[in-house]
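Asker: Sequence:
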Amino acid sequence: MPTYKQHRAAAIASGLILAVSLTGMVACSKSTTDKVEDATANVAADASSAVSSIGADMDANKTQDFVTKAAVANMFEIKTSELAVKTSKNADVLTFAKMMVKDHTAAGKAYETAVAATSGLTPPVALDEDHQKKLDDLATKTGTDFDKAYIDIQQSAHSEAVNLFEDYSKNGKDTALQAFAAKTLPTLQAHKDKIDAFKE
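FYI, in mature numbering (1 follows the signal peptide of the UniProt record, and there is no 0) the residues of the sequence shown are -26 to -1, 1 to 174.
Bear in mind the hints are in silico, worked out from the structure with no lab data behind them. Incorrect hints may appear among the rest.
Listed below are the simulated EDC-like cross-link pairs for lysine to aspartate or glutamate, each with C-alpha atoms no more than 16 Å apart in a straight line [to be verified]: (1) K166 - D119; (2) K147 - D39; (3) K122 - E174.
Please read these numbers as outputs of a predicted model, since none were measured by experiment.
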């Protein structure tokens, strides 16, 4: 029959075994928690990186879109106005068209400087299909029909240009192009005001 000392020794041994088991469970639990926390942190980091990458891509797309549209708009203003200088007999239209050629040629140089300050941009070198068609259609007209068509084209084009430049001057992410948009916007608005006066 076990003595008191033997009972006591067995109890102590059982206690030690239980303590070791609990320590192991705590250690295991802590290890599992650490792994879950690490995995969660990695997922959060990956998600943050993905969001940042998407945001950067959207900014780049917006900038390229502005670069493309601004170049086409400027070329279109110059080409249609050069045509007006050759074709129109209306003194007011001629004055406006000459101003357009002068101002948009200057704007084109400022545009080139701004684009050159940012890498990775691809400015267009010719009109897109839609604007080329409008230019070709305008070239078929003469007299008052030409003047009316030219004024209509300029009014529409300047409404679009003012909206484009105003948006990028406020929301654009490229510093050089944003400054260019802000500096050019008042000139575009002045052109729009003048062409709107023809319709009054």
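Asker: Each of the hints needs a verdict: does it hold here or not?
Answerer: Going down the list of hints, with the structure as the test:
1. For a cut-off of 16 Å, the pair hint linking K166 to D119 is broken: about 21 Å separates their Cα positions.
2. The hinted pair formed by K147 and D39 meets the criterion: a straight-line CA distance of about 12 Å does not exceed 16 Å.
3. The hinted pair formed by K122 and E174 meets the criterion: a straight-line CA distance of about 13 Å does not exceed 16 Å.
Checked against the numbered hints above, the structure violates only hint 1.
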